[in-house]
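Position chain B relative to chain A; hints supplied.
Just so you know, the protein sequences line up as chains A and B, in that order. This note's numbering puts the first residue of the first sequence at 1, with every later residue one more than the last. This note's numbering puts the first residue of the second sequence at 1, with every later residue one more than the last.
Rather than coming from a laboratory, the hints here were simulated on the basis of the structure. Treat the hints loosely; a few may be bogus.
With a Cα cut of at most 30 angstroms, we get these calculated DSS-like pairs of lysine-lysine [said to hold, decoys possible]: (1) A/LYS96 <-> B/LYS85; (2) A/LYS135 <-> A/LYS96; (3) A/LYS135 <-> B/LYS85; (4) B/LYS82 <-> A/LYS135; (5) A/LYS96 <-> B/LYS82.
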Amino acid sequence: MNAPLTLEESEVEIREFDDTADRVTGAGSSAPKLRPMTRSRRRRPWMTEAERQLRAIERLRVGWDSQGGAPPERETVRSAAKLLDWLASADADLSKPHIHPTRSGGVQFHWESSQRYFEIEILNPRNAQFYYVDKAAPYEIEGQLRVGDLVAEVLRLVRAVEQMR
Amino acid sequence: MNDDRIADDEVVYLRVPSTAPWFEPPDQVTTANFKLNQRRGDLGLSVYRASLVTTNDVLAKPDAIPQSRVTRARVGDIRALKNGKGETLRLDVIAVDDDLDPGHAEIRGPIPGTLAPAASKALRDLFSLV
Chain A
1 MNAPLTLEES EVEIREFDDT ADRVTGAGSS APKLRPMTRS RRRRPWMTEA ERQLRAIERL
61 RVGWDSQGGA PPERETVRSA AKLLDWLASA DADLSKPHIH PTRSGGVQFH WESSQRYFEI
121 EILNPRNAQF YYVDKAAPYE IEGQLRVGDL VAEVLRLVRA VEQMR
Chain B
1 MNDDRIADDE VVYLRVPSTA PWFEPPDQVT TANFKLNQRR GDLGLSVYRA SLVTTNDVLA
61 KPDAIPQSRV TRARVGDIRA LKNGKGETLR LDVIAVDDDL DPGHAEIRGP IPGTLAPAAS
121 KALRDLFSLV
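Just chain A, with the same shape it has in the complex:
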């Protein structure tokens, strides 16, 4: 039987995200870097609830959505956990996202304020798609990315939503 999922167990993987971000942006050693996570970092109080939700998603069965949908695969849930842990470690003020499974076997996070909304759906262990809308602008953007790539951009969009709270 597999060990229960915790966000903390993904700490080693977080460094991969940092490395990838540097490669994607072409940043050199002098470029500003996102603060890497350390084991002494403060644990966000909402992480316990996030873990509980992700564990629940991991245990879903076929038909969980009342439409015959398949549950997310374990590795997809873990990939989502890694992403969330990275975001939380990079932004001390990050609020808890809403966490949902999707009918296609993905895991979705979303942040929302009165005018802005951002969601990212981890489709599988490697790929994700995102959507951001600002109703006041009006402006919206959607796209796909590899989990681990362009995480800084994801964080920028999350922060844009958080600023409107």
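Showing chain B alone in chain A's frame:
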């Protein structure tokens, strides 16, 4: 199979799971409820016509899990939905019922089998819990 257009003034029901650990705050309807099952090759979002079935009928369908909830929206309002830039999403609602699933219909985008994230968001904002 019957592929008829449904009148704008009709109401459709969409079933969502509820009281599950991922719901927060309780009973929140999310965009995840308005996404297609790509693995299964869904052409559109399954809904039921209020003119032909009751909410109890929807909750009694074979796939329905206990404690599911029903949301509702007017067909004309679905067709009028726009994305975040104010552009029409060109959604339609068509009947796809058969003898085994009376009242069944689907919300489809301009390309069957594809529903833009903006459409899922607009649908989430439109549908309300019964």
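We went through each hint and held it up to the structure:
{"no.": "1", "hint": "A/LYS96 <-> B/LYS85", "verdict": "holds, 27 angstroms"}
{"no.": "2", "hint": "A/LYS135 <-> A/LYS96", "verdict": "holds, 22 angstroms"}
{"no.": "3", "hint": "A/LYS135 <-> B/LYS85", "verdict": "holds, 8 angstroms"}
{"no.": "4", "hint": "B/LYS82 <-> A/LYS135", "verdict": "holds, 11 angstroms"}
{"no.": "5", "hint": "A/LYS96 <-> B/LYS82", "verdict": "holds, 28 angstroms"}
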